[in-house]
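On the provided structure of chain A, position chain B as indicated by the hints.
2 protein chains.
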Amino acid sequence: MIPHPYLLFLGDAPDPLAAKVAQGIKDWRPDAAAGQFRLPGCNADMGLRDMTIAEAAKAGCGTLVIGVANRGGVISAEWMDVLEEALAAGMDIASGLHNLLRDEPRLVAAAEKHGRTLHDVRVPVVDYPIANGVKRSGKRCLAVGTDCSVGKMYTAMAMEKEMRAQGMDATFRATGQTGILITGDGVPLDAVIADFMAGAVEWLTPDNAADHWDLIEGQGSLFHASYSGVTMALVHGGQPDALILCHEPTRTHMRGLPTYDLPTLEDLRDTALHLARRVNPDCKVVGISINTAALGEDEANAYLAEVEERMGLPTVDPFRHGAARLVNALD
Amino acid sequence: MIPHPYLLFLGDAPDPLAAKVAQGIKDWRPDAAAGQFRLPGCNADMGLRDMTIAEAAKAGCGTLVIGVANRGGVISAEWMDVLEEALAAGMDIASGLHNLLRDEPRLVAAAEKHGRTLHDVRVPVVDYPIANGVKRSGKRCLAVGTDCSVGKMYTAMAMEKEMRAQGMDATFRATGQTGILITGDGVPLDAVIADFMAGAVEWLTPDNAADHWDLIEGQGSLFHASYSGVTMALVHGGQPDALILCHEPTRTHMRGLPTYDLPTLEDLRDTALHLARRVNPDCKVVGISINTAALGEDEANAYLAEVEERMGLPTVDPFRHGAARLVNALD
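If you're matching them up, the sequences are chains A and B in order. Quick note: the first sequence uses full-length UniProt numbering, first residue 1, plus one each step. Quick note: the second sequence uses full-length UniProt numbering, first residue 1, plus one each step.
Calculated directly from the structure, the hints in this document are not laboratory data. Among the clues, some could well be false.
Remember, identical chains collapse to one label, so a pair may be satisfied in a single copy or spanning two.
[What the hints assert, rightly or not] Here are the simulated lysine to any residue pairs, SDA-like style, with alpha carbons at most 25 Å apart:
id: 1; residue 1: Lys135; residue 2: Arg325
id: 2; residue 1: Lys135; residue 2: Pro258
id: 3; residue 1: Lys20; residue 2: Tyr260
id: 4; residue 1: Lys135; residue 2: Thr271
id: 5; residue 1: Lys26; residue 2: Thr264
Isolated chain A, as found in the complex (with noise of 0.2 Å):
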């Protein structure tokens, strides 16, 4: 677990978008955000607090967070004060970064010097089991896509936001390095060795409450030539009471592997449902989530209601209109 609050560092974002692991804390996290650290050059902007290394220890802040993707993979040595300093002034350092922190001679003698702790959320520090299969108490949602990148983790964060503004209770769990970085906790699942995959997500999703729900972060797609393996191990570990499909209109090739075409809902529907049933015979499609970005308001508006008709299932783009439509679709 990655100490909260967080000091989000952006360092010399070169725009917005390096630094989007910092935008999703701020939106589905803000109580952890306790500031933000920006170098010169910086372009990207979170709209918190500025402080310097001294404010955010003072203010309580447990984990440097590096929120932006680094130019050219090394961690450059204006980084390296900065990162030094949150060290010596009693905080750990959180990366999803390739290159790794404990790679770093000076921030490894640092961290041992004065105690603190460097989480690379890329790599995997748990021994997973392998999986049993046995039923798990407690309820179980999983976004699956007709591709990778088609807006899972949105899909499962909008869902536990709504969720808990109902009073519901609901954990969005984790299985990437944005999400890790996000909530603090979670299984970098495609750093998993191949024969833990599926314990390791038995283990990120355990026995809970009767109605608690938890809202797993789903990884590729059952349809993706490359990442299909992690897929499947989500669907089994997982034990979905619910799915959620997930599709972006305007893709005209699965992402990365340009001979390949998507595959419709209707056959991620029964894939997927498919698939499910062998763990929970009980899991649903009960709704289904477009990422609109792309489409205007009407256009976007009049491929929901399409795809809503055609499916009879709830769809929605739930950055534009909110995830209640999904939640509401739960048992």
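The following block gives chain B in isolation, referenced to the frame of chain A:
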């Protein structure tokens, strides 16, 4: 690649079953098995010439293969002396044991001193790529099972042997420890990082001559809650032209999952074919391999006839009757 031929180390095997890796090498790669080495108390015998280390070195053995499951997970002192002697005599050592050769300081030192390699085949040594899903030349056959351990490796091995006997161009592609030790090469798929599973299978079964067949060793089952993700990666990374359905008819529940029934062969056929056609629209289910070891001759024949009639596909037990009918069903 593990250097051939092998000296099969049977150690102090308490019974023949403990030496099943050695038996597999003897059965499927008899040319690779130059001799055997037994310690006092060994109750396994491959019928090969018993050799001292010096004799094996003189006979040109490239590798001492640990062909036996050790007791208690510890490489005993008796073993250690022999293994060190083999390295000194110029042989590599290969092992699929859970406890790794590389964690034994004496062996590491001896290997370094004599310029030999310790092959721990449970541990991936290649940086596998992310799968790209691009159609490859040549043909591929994959065995998929209703459950784990129903004869998928045996089926692929038997088909390779039959194809070679018929003058066809065929290669067994190992995806597990035993298969890798038998053939000297392969991918330990259950130990690969999730994101690279399908890419590892693509790497293992590259472009080939138009009439060449890869016989890909199956793993797990699409219906097994613990390991289905690994199987999915084989289906999508393997890009099979032909699927063989494998089944063991007396199994009362999924291996290790007491509350899970086995799927029907019909469900396996439909599910595996639908998923496989995602990467190869021409994929076909061509035959069924039944492990009838637990049935008498009449009972086995009756069961095979019943399944063949019901499914409309050649149905054999390759151990009892050979794999010719499966091979002849390939296009």
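Up to 25 Å between alpha-carbons, please classify Lys26 paired with Thr264: within, between, both or neither. neither (34 Å within a copy, 49 Å between copies)
Pop the pair Lys135 and Thr271 into one bin, within, between, both or neither, using alpha-carbon distances up to 25 Å. both (21 Å within a copy, 23 Å between copies)
Reference check for the pair Lys20 and Tyr260, CA-CA at most 25 Å: within, between, both, or neither? Result: close neither inside a copy nor across copies, 28 Å intra and 42 Å inter.
For Lys135 vs Pro258, is the C-alpha pair at or below 25 Å within one copy, between two copies, both, or neither? between (39 Å within a copy, 12 Å between copies)
What label fits Lys135 with Arg325 when the C-alpha limit is 25 Å: within, between, both, or neither? For Lys135 and Arg325, the Cα distance exceeds 25 Å both inside one copy (27 Å) and across copies (41 Å).
The structure is inconsistent with the numbered hints 1, 3 and 5, although it conforms to all the rest.
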